[in-house]
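Chemist: Single-letter residue listing:
Number of protein chains: 2
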Amino acid sequence: MSGDLAFIVRAQDSASSARVGEMQLSRGTVQTPVFMPVGTYGAVKTLTPHEVRDLGAQVVLSNTYHLYLRPGLELVTRFGGLHRFMGWDGPLLTDSGGYQIFSLAGMRKIDDAGVSFRSHLDGSEHHFTPEKIIDLQRGLGSDFVMVLDECPPGDAPLKAWRTAVERTTRWAQRSLARFRETEPRYGHPQYPVCIVQGGSDPGLRRRSVEELLELDTPLYAVGGLAVGEPREELFATLELLDQLLPRDRPRYLMGVGTPADLVRAVARGMDMFDCVLPTRNARNGQLFTAQGTLTIRNARYRDDLDPVMEDCDCLLCAHFNRAYLRHLFNTKETLGLRLATVHNLKFYFGLMAAMRAAIADGRFPAWSRAYLQTYEEQTDE
Amino acid sequence: MSGDLAFIVRAQDSASSARVGEMQLSRGTVQTPVFMPVGTYGAVKTLTPHEVRDLGAQVVLSNTYHLYLRPGLELVTRFGGLHRFMGWDGPLLTDSGGYQIFSLAGMRKIDDAGVSFRSHLDGSEHHFTPEKIIDLQRGLGSDFVMVLDECPPGDAPLKAWRTAVERTTRWAQRSLARFRETEPRYGHPQYPVCIVQGGSDPGLRRRSVEELLELDTPLYAVGGLAVGEPREELFATLELLDQLLPRDRPRYLMGVGTPADLVRAVARGMDMFDCVLPTRNARNGQLFTAQGTLTIRNARYRDDLDPVMEDCDCLLCAHFNRAYLRHLFNTKETLGLRLATVHNLKFYFGLMAAMRAAIADGRFPAWSRAYLQTYEEQTDE
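Chains as they are written, first to last, in my numbering: chain A, 1 to 381; chain B, 382 to 762.
Note that these hints are calculated values from the structure, not bench results.
A couple of the hints might just be wrong.
Stated by the list, open to error - For lysine to aspartate or glutamate, the following EDC-like pairs were computed, each having C-alpha atoms within a straight-line distance of at most 20 Å:
no., chain 1, residue 1, chain 2, residue 2
1, B, 713, B, 685
2, A, 332, A, 303
3, B, 713, A, 303
4, B, 513, B, 536
5, A, 332, B, 493
6, B, 540, B, 503
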């Protein structure tokens, strides 16, 4: 199974587990570490796919649960898959929908068969099994196919995490069986991704990895982190997983995180990331800069004729200043959402490129130390 | 006064009053007939100024009343004027704010001195005089400066229209006096525009024109139309004004209109237009096409893989189809608002360019007859 995906480690940091890798996919080569922007409904909010590409995106993530509800799989398959539906011809990763469904508090029921839930849109009832989640992603035609897992909240008792690990393994077995029985529909290979669960418990994490390694998938994802647990547990867990997961396959840390989180996770051998932070925070008027975050609605920017970030050549910083962006947010002009999204994504992609360069040039230890020190000294205004 | 603006009529249709003209301004040459998109708060909604330019905009309209409230004139002058504030280096026209204020039913009081009103945002009290409106536009630095006029609703009694004409003349006199006493602040000439009032009454229109011609402004605008009166009165009034207004100066028909309205108004000698129709309707999901309007939320487009309009090379039609655009509107993705805005503006600018070419080539009579016939046969779905 793993032989399908060509993943080459191009450079390895000597002082940490950070590495530069290359995944060769039918829709393009992906340089890792890679940050995947979120395009929930088949669009990275406010942007065209061409803009997303030009900003530096290599892989886009989209949400199976949301696309299943709207526009529905039938329409996407009529287009010939999600790539053609959304106009993105690069690699796509679709999630399993599990995380969204588990967030539907009071509107879902989980048992071994799968998960029943009510749509957050109209309350209609639906049932997802591990097999159905695979079928949906065969229909979407995503390059990376996530299996259904169970992810409890960060403060769940150990017993809940144990149940989740056991169920995640059983569901992964069923998912992979279905994956093997089915074929890609649009002529491009698809790669299944198992999700390691177990919260912050080393024993459960070890067990989850061992059970999932038997399934021999070409990539492994780390779920169940950044779900409310203390920050130090996140990094301790990553250090353990870095030891347990095979080094010849990409590791995907789901739903993380801040710029500093990304640097620390890369140092711990993680290769792929997704997070709504740059895009969602942009729409809330929070901009990431080399000098810390900047909340553009703040009155201090009313007369500020400086760009959001010096030495940034994005569409926002090259042509507009803080006072104008603040005005756009104050007057609810959607151009503001878009300019802020452009800037934050460029910032994130720039950070990943900087990490790749630092690792390749053998200067990641000094680079990451300096970056994190600067980051710690910043206070969000 | 009129000598300041170089307006050259390049071509005159033989069968109608349609003409192609050229206005030479310090910020660029404007080919007429011209459609001016509306950028209320210093942004054409969803678009960057570079995109507005690339779509074919020659002049952008912005709203003095809105900019006065947010961000306020002090900030705009700190930028060095509205052009630099919004990042648009082409010609700008700012309105007088009168139309917006007169729409604040129950929140404004008019007398000869000027107009008192409460902000639609926070209820704060403000007072505009004809002189203050000029001062504000000196501060904005717009290329075309509209004088304060009084515009009653379309169903107002004749007496109200007479009062409005008389007041509009007195206010225009005061406005021009202030205009002459003051200077442009940013090194570019500004051109004042008087507004002919009088509703659909030929006598009042004649009187308004005669009184305003004494002020000898380089452009004349036609207000008080498309305010609820029957359509045939609009065109009859334009035919009268075409006879009365000097042919050597541009005529600006305010707030009009549909594609067919524009063709009919050009045939009646009008040169400049503004309207929220293409941009506002775009955001409501109504697209203009050569085959009529198309309401994208309509269920009939759910599976429609055709572009919104054949032979359109706009960002929307070149890359996306109806079903995807409908999906964006259904999921409230702001990318949909933007793609629809791009298409509608391109359609409007394309219409103006087609008219200019038809007039210049001596085929406007046949072109406009065919256009209007096709238009009449279309039914909005």
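Chemist: If you test the structure against every hint from before, which numbers come out violated?
Modeler: 3, 4, 5, 6
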